[in-house]
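Engineer: If you want the building blocks of each chain, they are given just below.
Number of protein chains: 2
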Amino acid sequence: MAVGDVAVPNTIYPIDGIRLSAIAAGVRYKDRDDLVVIEIAETATSAVVTTKNTFCAAPVRVLREHFAKMAPRYLVTNTGNANAGTGAGGKRRAEEICAALAGKAGVDTSAVLPFSTGVIGEPLNSEAVIKGLDKALDSLGADNWLAAANGIRTTDTIPKLASRKVNIADKSYHITGISKGSGMIRPNMATMLGYVATDANIAADLLQEMLVAINEQSFNRITVDGDTSTNDCCVLIATGAASTEVIDSPEHPHYQLLLTALTDVFVRLAQLIVRDGEGATKFMTVKVTGGQTTQECCDVAYAVAHSPLVKTAFFASDANWGRILAAVGYAGIEDLDTEQVDVYLDDVMICQNGGVAPNYTEEAGKTVMSRSEITIHIDLARGEASDTVYTCDLSYDYVKINADYRS
Amino acid sequence: MAVGDVAVPNTIYPIDGIRLSAIAAGVRYKDRDDLVVIEIAETATSAVVTTKNTFCAAPVRVLREHFAKMAPRYLVTNTGNANAGTGAGGKRRAEEICAALAGKAGVDTSAVLPFSTGVIGEPLNSEAVIKGLDKALDSLGADNWLAAANGIRTTDTIPKLASRKVNIADKSYHITGISKGSGMIRPNMATMLGYVATDANIAADLLQEMLVAINEQSFNRITVDGDTSTNDCCVLIATGAASTEVIDSPEHPHYQLLLTALTDVFVRLAQLIVRDGEGATKFMTVKVTGGQTTQECCDVAYAVAHSPLVKTAFFASDANWGRILAAVGYAGIEDLDTEQVDVYLDDVMICQNGGVAPNYTEEAGKTVMSRSEITIHIDLARGEASDTVYTCDLSYDYVKINADYRS
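So the sequence lines, in the order shown, correspond to chains A and B. Note that our numbering has the first sequence beginning at 1, numbered continuously upward. Note that our numbering has the second sequence beginning at 408, numbered continuously upward.
Careful: at least some of the hints might be erroneous.
[To be verified] Calculated pairs, PhoX-like style, for lysine-lysine (alpha carbon to alpha carbon, straight line, at most 25 Å):
#1 B:Lys773 <-> B:Lys694
#2 A:Lys366 <-> B:Lys807
#3 B:Lys542 <-> B:Lys511
#4 B:Lys459 <-> B:Lys437
#5 A:Lys400 <-> B:Lys773
#6 A:Lys400 <-> B:Lys542
#7 A:Lys104 <-> A:Lys131
#8 A:Lys131 <-> A:Lys30
#9 B:Lys694 <-> A:Lys52
#10 B:Lys459 <-> A:Lys287
Calculated from the structure, these hints are not laboratory results.
Make a model of the complete structure from these sequences and hints.
Structural biologist: Printed below as a string of structure tokens:
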């Protein structure tokens with residue numbers, strides 16, 4: 001069961017310049033959408049970030065090569081098989097899919113980027129994917145965002161979609177995005193994908209910079225189990241349909257508001273992955289303030305968010321501040337003065353100056369821990385930097401889900 | 408249930424120059440040994456390593472100060488309360504215990520080192536400890552190693568003890584040690600302690616060097632859940648009773664064999680902690696070879712040993728090589744050529760050149776995964792360095808144990 005508000009928005013804005021389709025190609029299962037094609041207008045700019053895992057999957061290697069050559073026109077995603085750990089044969093199959101789609105659509109093979117998610121280490125049924133391409137191209141439509149969000153699901157329990165409109169001066173911009181992922185790797189499932197499009201007109205270089213920066217505050221700030229997938233990819237597309245004027249520098253008057261709106265969409269999509277985390281019963285925001293650098297705040301936040309002891313304590317609704325302090329203590333921050341550290345759960349101060357807060361009561365701890373969404377706020381009291389990471393608890397179901405044999 | 412061979416050895420060698428006692432002082436529970444005193448001969452040298460957690464407990468702060476001043480004559484350990492997260496009051500209580508014992512024994516307060524393990528964040532009942540000191544001193548004996556091993560247990564399910572005799576030329580040396588720990592922190596329990604003594608005659612500086620090096624191969628190479636405790640301490644004592652000749656350099660003819668024997672004892676004590684890991688059903692040795700540096704081997708081994716996905720797969724007896732490769736891939740090794748990496752489970756090659764091994768069968772995988780002790784061997788094929796880490800699986804019981812409310 002996903003935690004908290006995970007609803008699909010009432011209004012899903014189509015993005016002029018983007019068409020999508022989702023069809024059942026029978027890659028692994030029958031009668032289940034498993035092939036998603038996203039068509040991008042020729043005028044659009046795109047930005048991509050991919051997994052840092054050195055064991056990256058075949059499609060990730062192919063898409064890096066293709067993206068280096070030209071702007072993408074088609075994104076083709078299959079579920080059911082990650083095409084990871086599949087060696088040279090895997091790369092060839094990813095290339096074949098791109099070439100087939102390129103031939104049908106009349107674009108260069110390098111204008112097609114491949115994405116795969118699903119089981120690791122088994123040969124991808126690329127024939128099924130290729131056979132499905134005609135139908136996928138025939139079904140392209142601007143209103144298929146929700147179908148696409150469902151089509152990229154593997155064991156996700158919910159579709160993940162965010163959409164918003166932002167008015168800046170006399171312009172209206174639209175942003176719509178989808179993501180998938182439910183744990184960094186679900187039993188052999190490899191994993192996080194995100195596609196976001198806007199009709200803003202943004203220069204390619206600036207768009208790439210924006211994606212890297214936004215990613216650092218969204219998909220790079222979530223953790224379910226600390227396991228980084230072999231297939232993680234995120235794409236940001238700017239079709240330019242909303243304006244002829246190019247936004248090509250951070251000084252452009254629309255830049256900041258657009259960046260904020262895009263960041264909101266990305267953070268929502270990232271949080272949806274955590275809310276749908278494997279076995280999650282609680283959604284936790286780990287906010288670290290008062291650091292000397294953002295990096296040390298991030299290190300502390302991740303130490304807490306990754307600690308199995310903290311995560312099991314939250315599963316048990318146990319306000320176990322000793323485990324939080326211990327995790328802060330091993331985050332590797334040099335010369336941290338532990339006697340300055342304060343910790344809050346939502347509005348309840350549980351630690352003051354490195355020890356239990358004088359006014360803290362078990363009763364207050366119980367009340368806050370009974371919530372399904374909790375902010376752990378750690379104040380290091382040694383600087384002005386801050387950072388935030390999103391995570392979930394560690395439950396019996398996490399073990400159950402991940403201990404189930406592949407089948 | 409602890410995994411595999413965890414038996415106390417048939418012969419426990421007393422160490423000339425060491426006397427121990429364990430008594431029930433009523434620190435937290437009644438009628439349970441919770442106070443252990445170890446007396447060290449005046450002639451002995453000692454070495455100490457302590458937790459790197461910046462939130463270290465009050466006794467750890469006190470013992471660092473004391474140890475900097477003089478060689479210890481008494482080690483005093485209480486269980487039931489870690490005296491961690493207890494601020495200035497905690498430090499005062501640790502000092503009071505040392506002063507009381509020093510007064511009764513006629514030594515300087517700084518010659519007493521305090522150790523605590525148990526619940527974090529509650530005031531230590533130092534009165535009970537101090538009240539118990541007379542009886543503890545009266546009960547000192549050379550044959551109380553097993554009683555001491557039991558006396559330092561908190562939620563450990565077994566006493567942890569190793570003992571051996573090593574003959575070098577015309578000399579017989581004896582080594583006996585005890586440890587405790589069962590997960591880095593059991594529900595609020597703070598955690599690993601180790602005391603090892605030998606009758607060898609080793610110069611203090613060399614002994615400290617030896618302890619640091621040995622610790623890197625033993626207590627610093629185990630992980631249950633990756634959570635580093637606030638109270639970890641390890642002491643190595645050389646009483647010198649076996650020989651008047653001082654071993655004061657690695658060139659001494661007895662040095663290498665002694666180092667090996669001491670390392671064996673430490674590795675055994677460290678492995679016992681993993682075998683008794685919270686909820687453990689499997690004992691895993693993660694051996695990484697072919698690295699360019701020991702550090703990168705260690706990083707890869709820890710990435711695999713910490714991965715919740717690898718650990719749950721082992722709990723499920725699932726030879727899930729994709730999860731192992733993914734963990735290798737995110738260990739942060741720059742320019743790792745993943746197409747060179749081989750992985751073995753015991754004698755079964757599961758991955759060759761970064762993909763599934765051609766001769767691997769699910770049947771062979773099932774056979775090896777049915778064992779309760781398994782070596783994961785990862786060959787990076789890019790150098791001569793190697794390293795080894797010991798860990799256990801992640802089971803329902805881990806979550807259960809750590810989700811139980813403190814009570």
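Engineer: Can you give the numbers of the hints that this structure goes against, from lowest to highest?
Structural biologist: Those not satisfied are hints 4 and 6.
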